[in-house]
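Undergrad: Here's the letter readout for the chains.
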Amino acid sequence: MKWLGFVALLAVSACAPTPEIGDPQPWVPAEDIVGAFRPEIVPAAVPARAHGVQDGMLRVVTYNVERGQNVAGLATWFEKDAELRQADLVMVQEIEDHPGEGGSRTARLARRLKMGYVYAPERINGDGTHGTAILSAYPLSNVRVMQLPHVDLPFSEAQRIALSADVDLGDGRSFHVITMHLDTRMSIQQRILQIRPAIIDAPDRTVVGGDFNTNPYMWADGSIPQLPTNTVAGTDQAPMFDDYMRHVGFATPTQDLGPTERNGPQDSRLDSIFVRGLDVVPGQVEREVDLSDHWPLWVDVVMP
Amino acid sequence: MSSPDLYALVLLLGRSSFHLRVLLLAFLTTFAWAHSAHADPGTASGPTATASAAVAPRAHSIYVELLGKGGLWGLGYDYQFHPRLAAGATASFFILDGERVLSLSPYLVGYLLGTGHHRWFAQIGPQLSYVYTPSPVPEWPGTSTGGIGAELSSGYEYRSRVLVRVFGMGIVGRGGYAPWFGVSLGWTL
Chain A
107 MKWLGFVALL
117 AVSACAPTPE
127 IGDPQPWVPA
137 EDIVGAFRPE
147 IVPAAVPARA
157 HGVQDGMLRV
167 VTYNVERGQN
177 VAGLATWFEK
187 DAELRQADLV
197 MVQEIEDHPG
207 EGGSRTARLA
217 RRLKMGYVYA
227 PERINGDGTH
237 GTAILSAYPL
247 SNVRVMQLPH
257 VDLPFSEAQR
267 IALSADVDLG
277 DGRSFHVITM
287 HLDTRMSIQQ
297 RILQIRPAII
307 DAPDRTVVGG
317 DFNTNPYMWA
327 DGSIPQLPTN
337 TVAGTDQAPM
347 FDDYMRHVGF
357 ATPTQDLGPT
367 ERNGPQDSRL
377 DSIFVRGLDV
387 VPGQVEREVD
397 LSDHWPLWVD
407 VVMP
Chain B
391 MSSPDLYALV
401 LLLGRSSFHL
411 RVLLLAFLTT
421 FAWAHSAHAD
431 PGTASGPTAT
441 ASAAVAPRAH
451 SIYVELLGKG
461 GLWGLGYDYQ
471 FHPRLAAGAT
481 ASFFILDGER
491 VLSLSPYLVG
501 YLLGTGHHRW
511 FAQIGPQLSY
521 VYTPSPVPEW
531 PGTSTGGIGA
541 ELSSGYEYRS
551 RVLVRVFGMG
561 IVGRGGYAPW
571 FGVSLGWTL
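Those protein sequence lines, which keep their order, are chains A and B.
Residue 107 is where the first sequence starts when you use the numbering used here, and the numbers rise one by one after that.
Residue 391 is where the second sequence starts when you use the numbering used here, and the numbers rise one by one after that.
Honestly, the hints are just simulated from the structure, not real lab data.
What you are looking at is a predicted structure, and each value in this text was computed from that prediction instead of being measured.
Do not rely on the hints blindly, as some may be mistaken.
Said to hold, decoys possible - These stretches of chain B come out as covered by chain A in the derived footprint (C-beta under 8 Å, 3 or more residues):
1) 469-478
2) 500-512
3) 562-576
Claimed, not checked - Computed list of chain B residues with no C-beta within reach of chain A, every gap over 10 Å:
4) 448
5) 450
6) 461
7) 491
8) 493
9) 544
10) 554
11) 558
12) 579
Note that the Cβ used here is the ideal one computed from N, Cα and C, for glycine as well.
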C-alpha cells in the first residue's frame, strides 16, 4: 500500500497549477495618469536631429540601461559611436528618476542628444521612480501606458508596463512605437500572455522593442532553472518568442544578432525589435558599449 | 535526519509554492517510509540478513530523485551486475506552467571508492529530453523541442535496505553545458 501512496504523490507532483498571471488592462492616455506615475513628456526640439530626413531610413535603437546612472557616459556613447550616433528613435528600459539630479535621467539624456522624449515611471524606487522611456528626434503624440498582466513570481516581482506613442514623420506619415520590459523568470507561455495585450491590437505600422527577458531557461515556480532540460532539449525562449511575434504579423530583424546581455558564461538574447507594416534592415548589437549589463541593439526602418 | 534539518524542511514547505511543496512532501514521505523500513527490526531477517547486506549489496534498487537527471524530479531503477558496476535508467515527466517535459536517462554506474554501505560512484550516459509547449493563445500554435545530450555525475551512495545518493553532475547538449545536482532516495531489493 505504501507504494500506491508514493506513486499517487509523484503523480500529483508532476502537475503544476495554472500560471498565476493577472488580467489584461487597457491602454491609458498619458494625460489621464496622475501622481507619481504620470509620464513626463517633452516634444522634440525644432529642428529635430533626425537622420532619416537625409537618407530615408530611421535608425531604431533599444537599450536596457540598468538604471542609467551614468547619463553623461550614455550620451557620450550615443555621440561618439559610429552606429549609435545615427539613432532617430531610442527605446530605453530600466531608467530612473531621482530628485536632486537636475532632472530625470531620461530628460538629461534627451537634452544631450537633442531629442524629445517621454518617460513613464513603472514603480517607485527609493526616493524616485524606475521606468521606461522613448527618445525621439521626431515628434511623439498619443502617448499611452498599459499595466501589463502581473505575474506572481516568488521573489523580486514588480509591476510591468508598456509605453506607446505615435511618431510623426511629417507630411502625414507616422508609425506607432511600443516599448516594454517584461518579467524575468517566466515561462514562454507567461511571457506571451504578458506581452499580448500590448501588441495584439497594435496599428498596422508598428515598431515593438524592449527587454523581453527571453532567457534560455524553463523555470520551476519562477525560481529553479531547469538546466538539464534547457541544455539537452534547447529551451531558449528567444526563438519561441520570435515565432509568436511572426504569427501576429511582425518581422523579427534581430533574431540573428546574437546575445544582448552579458551574463558570465551564459550570454542571452533578452532584447529584440519587431516591426510590422514597414520595411526593415537588420542592424547589430553594439557589444563594446559597457555601461549596462545589456548591450544596445538597432535596426534601420525604411521611412514610409 | 536531525531536528534542525526537519525544521528547515518544514519552513521550506511553508514558504514554497504549490508545486515545490508537493515535491518536497513526496520526498519527505519517501524518506520517512524508507527510514522506518530501515529502522524496523521486523522487516529484516535478523543478524544473518544484516551481515549479508554489509558484504554483498542488494543488486536491485528503485529510487526517486529530487532535481537530478530529470531536472525537477525523476523515478529510477538500476541493477548492480558486478561488484563495481551497475546499469539503470531514470525517467521523468512533469508539467511546468503548462509545458510538458519528458526525459529518459539510461546510465552506467562505476563504483570508484568504498565497499559495503558507503561508496563513491560515477554515472555516465545519454539523456533524451522532449518538451511540448502548448499555446496559451489562439493566434499561435505552440511549439515543441527535443534533443539528446550526455550527462556525467558523481557522488556519494549509502546502500543498505535504503538507498541514498547525493551527487553533482554535468550536462552537455544542444543548449551548451550546465552543472546540476541531485539527491536520490529509495530502496534496494
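Undergrad: If a hint holds in the structure, say so; if it doesn't, say that too.
TA: Each hint, compared with the structure:
{"no.": "1", "hint": "469-478", "result": "violated (count 0)"}
{"no.": "2", "hint": "500-512", "result": "violated (count 0)"}
{"no.": "3", "hint": "562-576", "result": "holds (count 9)"}
{"no.": "4", "hint": "448", "result": "holds, 17 Å"}
{"no.": "5", "hint": "450", "result": "holds, 15 Å"}
{"no.": "6", "hint": "461", "result": "violated, 4 Å"}
{"no.": "7", "hint": "491", "result": "violated, 6 Å"}
{"no.": "8", "hint": "493", "result": "violated, 7 Å"}
{"no.": "9", "hint": "544", "result": "holds, 15 Å"}
{"no.": "10", "hint": "554", "result": "holds, 16 Å"}
{"no.": "11", "hint": "558", "result": "holds, 12 Å"}
{"no.": "12", "hint": "579", "result": "holds, 12 Å"}
The earlier numbered hints that this structure contradicts are 1, 2, 6, 7 and 8.
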